[in-house]
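**Q** Listed below are the residues making up each chain.
Number of protein chains: 2
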Amino acid sequence: MLNVVIMAGGSGERFWPKSREKSPKQLLPIGSKNTMLQETVKRAQALTSSENIFIVTRVGLEKEIYKQIPHIPKENIINEPFARNTAAAIGLANLIIQKRDNVSRDYISKDKNSITVVLPADHIIKNLKQFKKTIAAASKAAEEGRLVTIGIKPSYPETGYGYIHRGDKIFTEYGSDTPCIYKVKEFREKPDLKTAREYFKKSEYYWNSGMFVWTTNYIEEAFKEYMPELYKALKVIGNSISSPLRDEIIKVEYAKLEKISIDYGVMERAENVSVIEGLFDWNDVGSWLALEKVYKKDDDGNIVVGDHIGIDTKDCILIGDESSITTIGISDLIVVNTGDVVLVCKKAEAQKVKELLKQIKKNKKLSKLVK
Amino acid sequence: MLNVVIMAGGSGERFWPKSREKSPKQLLPIGSKNTMLQETVKRAQALTSSENIFIVTRVGLEKEIYKQIPHIPKENIINEPFARNTAAAIGLANLIIQKRDNVSRDYISKDKNSITVVLPADHIIKNLKQFKKTIAAASKAAEEGRLVTIGIKPSYPETGYGYIHRGDKIFTEYGSDTPCIYKVKEFREKPDLKTAREYFKKSEYYWNSGMFVWTTNYIEEAFKEYMPELYKALKVIGNSISSPLRDEIIKVEYAKLEKISIDYGVMERAENVSVIEGLFDWNDVGSWLALEKVYKKDDDGNIVVGDHIGIDTKDCILIGDESSITTIGISDLIVVNTGDVVLVCKKAEAQKVKELLKQIKKNKKLSKLVK
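These protein sequences, in sequence, are chains A and B. With my numbering, letter number 12 in the first sequence gets 12, and the count goes up by one each step, no holes. With my numbering, letter number 116 in the second sequence gets 116, and the count goes up by one each step, no holes.
Think of the hints as simulated: they come from the structure by calculation, not from any bench. Some hints here could point you the wrong way.
Which copy? The list can't say, so a pair holds if one copy fits it or any two copies do.
Straight-line alpha carbon distances no greater than 30 Å define the calculated DSS-like cross-link-like pairs of lysine-lysine that follow [stated by the list, open to error]:
id	residue 1	residue 2
1	133	371
2	352	99
3	99	42
4	314	297
5	194	42
6	201	235
7	194	74
8	183	371
9	194	362
10	126	362
11	129	169
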C-alpha cells in the first residue's frame with residue numbers, strides 16, 4: 001500500500017502579501033487555476049487512492065483545506081497544535097497511518113509495511129509521468145529498508161536550497177529506464193554563491209527537495225534510534241489515539257518537542273539514506289522571483305497575473321487580482337497588490353520580504369497585514 | 001464689493017488614482033487636513049464674506065461640494081452642464097454676480113461695479129498676508145479698468161506652465177510696500193526646457209497662475225469685444241436667469257460654445273491687461289511630483305502619506321491611505337495605492353499619468369478606475 005503525506009502547515013512568508021497566516025502560499029492558486037494544495041493532491045491521486053492521502057497542517061487552516069479538497073476524508077487531515085518543524089509532523093502522520101493500518105479491515109502485517117511518500121504542498125511539478133517513475137523506483141528502494149530523499153538536478157547555482165552530495169550508485173533491479181539511486185555522501189547546508197557555483201559545475205550535487213519515500217516501519221525505527229524524544233512522545237500519543245483526550249495529549253506532547261527538521265533529525269544521521277534523481281520539472285516557488293520560471297513572460301519581459309496597464313514597463317513581475325496595477329517607466333520590480341497593501345520590491349532583493357515581515361509584525365497598526 | 005469666483009470643475013487627471021471623476025483633486029485633502037477647495041474657500045473668506053463667494057463646478061460634484069463647504073450659500077454653487085473651459089465658466093459666474101448685484105438690496109450702480117477675484121480651487125498658497133496684499137493692489141488696478149492676472153516669480157525652469165512676459169511698470173499710488181504691477185508684453189505658451197531656462201534667468205517672466213482680478217463690468221465688456229459668441233450666449237442665459245427653464249437654456253447655450261480658456265479668449269487679446277507679481281508661496285500641485293514642494297521629506301528623502309514600511313527605500317513619494325505601502329530596494333518612484341488600484345511611476349515620468357489614463361479609459365474592464 002502506498003500513502004502520501006502532504007505537508008501543508010507552512011507559512012509561505014516570502015510570498016507575502018498574497019500569502020498570509022490564514023491563507024498561506026499552499027492554499028493559493030500559484031502557477032495554476034487550482035491552489036498549490038489541490039495540485040499536490042491531484043499528483044498524490046496519481047499515486048494512490050484518496051483514503052491513503054494524508055494532509056498535515058496547523059490548527060486554523062483545516063476549514064479552508066476541507067473546502068479545497070472535499071474528496072479527501074476529513075479524518076486524514078491532521079492538525080498539529082503548534083508548528084514543530086517537519087520531523088514532528090512526519091512522525092505524527094506516520095503514527096496515524098500505522099494505527100490506521102493496524103485497525104484496517106485489510107490487515108497488513110508488520111513485515112509487509114506500507115510505503116509513505118512525503119510531499120510538501122507548495123511545489124510545482126511538471127511532467128507527471130517522470131514523477132510517477134521516480135516514486136515507483138524510490139518505493140522499491142524504500143521496501144529494501146532505505147530512507148529515500150528525492151534530489152533535483154540543479155539548473156543554476158541557487159543559494160537558497162540545501163544540497164545533497166551523492167555517493168556510490170546503488171545497483172538495483174528496477175530496470176534501466178528508471179532514475180538512478182545513489183547513497184548519500186553528505187547533506188550540505190545552503191551554500192554561498194561561490195560554493196553553489198562549484199556544486200553546480202559538478203554532477204554529484206542535488207538540490208534537497210524535501211520530498212521523501214520510506215516505509216512506515218523503517219522511518220519509525222529511525223525515530224527510535226535518532227530522535228528518541230520524539231519517538232517517546234509519539235508512543236504516548238499512540239496510546240491515546242482512540243481516547244477522547246487525544247487532542248489534549250497531542251498538545252501536551254507537542255509542547256515538549258524541539259523544532260527539528262526531518263533532514264537534521266533523521267536524514268543527516270541515519271545510515272540507510274539514499275537519494276534518487278528526480279528528473280521532472282520542479283519548482284518550490286520559494287519567492288516571488290520563482291514565478292519567472294512558472295509563468296510565461298510577455299513581449300516586454302513582464303509576468304502579469306491580474307489586470308495591468310503600463311507605459312515603459314519592462315522585466316517586472318506584476319501580481320494583482322481584484323486590485324489592479326498600473327505602471328510608468330519601471331523595470332526589474334516586483335509589484336504585488338492585494339488591496340489592503342501593496343509590495344513594491346526590487347527583483348534582486350526578493351529574499352528580503354521575510355525581513356520586511358518582521359518589521360510589519362512589530363508595527364501595532366500594520367501587523368494585521370500578516371494575518 | 002469684492003466677490004471671489006472659485007473654479008472647481010477640473011478633473012485633476014495627473015493626480016490619478018487619488019483624483020477621480022467623482023472626487024477630483026480639488027475635493028481631496030492635499031497638503032492639508034482640509035480639502036483643497038476648503039482651503040481655497042478659507043482664503044476667499046479672508047477677502048470677503050461667504051455670500052460673495054461663488055463656486056463654479058460641473059454637474060455631479062455639487063453634493064460633495066455642499067458637504068465640504070456648508071457655510072457657502074447653495075445658490076452660489078454654479079453647476080455647468082458641460083465643461084467649456086475657463087472663459088465660459090468665468091462668463092457664467094460673472095453674469096450671476098451681475099444679476100445678484102442688480103437685485104441686491106444694497107443696490108450697486110453700474111459705475112461702482114464690483115470686483116471679482118478668480119481663484120482655481122486646486123492651488124496651495126502659503127503666506128496669506130502677502131496674498132491679501134496682492135489682491136488689494138490688484139483690486140485697485142481693476143477698478144481703473146485693468147484686467148489683472150497674477151504672475152508668480154519662477155523658482156525653477158518649469159516647462160508645464162504658461163509664462164507672462166511683463167512690460168512696463170505701471171506707476172500707481174497704491175503705496176511702496178505693495179507688489180509691482182506691469183503691463184503685459186506677451187503671454188507665452190508652455191516652453192521647452194531650453195526656453196524655460198532662458199525665462200528663468202531673466203526677471204521679466206512670470207508663471208501664469210490662472211488667478212485674475214477685474215470688475216464685473218470690465219470683464220463683461222471684454223467678452224463683448226473679444227468673445228462675441230460667448231457674450232451672446234450669456235445674454236440669452238441672463239434673460240432667463242429667473243425662469244424655471246433656466247437650467248435647460250444654459251444647457252442649450254453651453255452646447256453651442258467652443259472650449260476656450262480665458263487666457264486665449266480674452267487675456268491674450270485685450271489691451272488693458274496687466275500682471276501683478278504674487279509674492280506669496282504658490283503651488284498648483286500639477287502632478288504627484290509637486291508634493292515634493294508641499295510635504296517634508298523624511299531622513300531617507302521619502303515623502304510618506306499614510307502607512308509605509310520599507311527597506312532600502314530612498315527619494316520616493318509614497319501615498320497610501322486605507323491601503324498601506326511596503327517597499328524594498330527602490331528609489332525615485334511614486335507609489336500611490338488606493339486599494340482598487342496602485343500606480344507605480346518613475347518620478348521623471350510623472351507627466352505620463354495623463355497618457356496612462358487615456359489607455360485606462362479605453363479598457364472596458366478597467367475604465368471604472370477613472371470614475
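**Q** Out of the numbered hints, which ones does the structure contradict?
**A** Failing hints, ascending: 1, 2, 5, 6, 7, 8, 9, 10.
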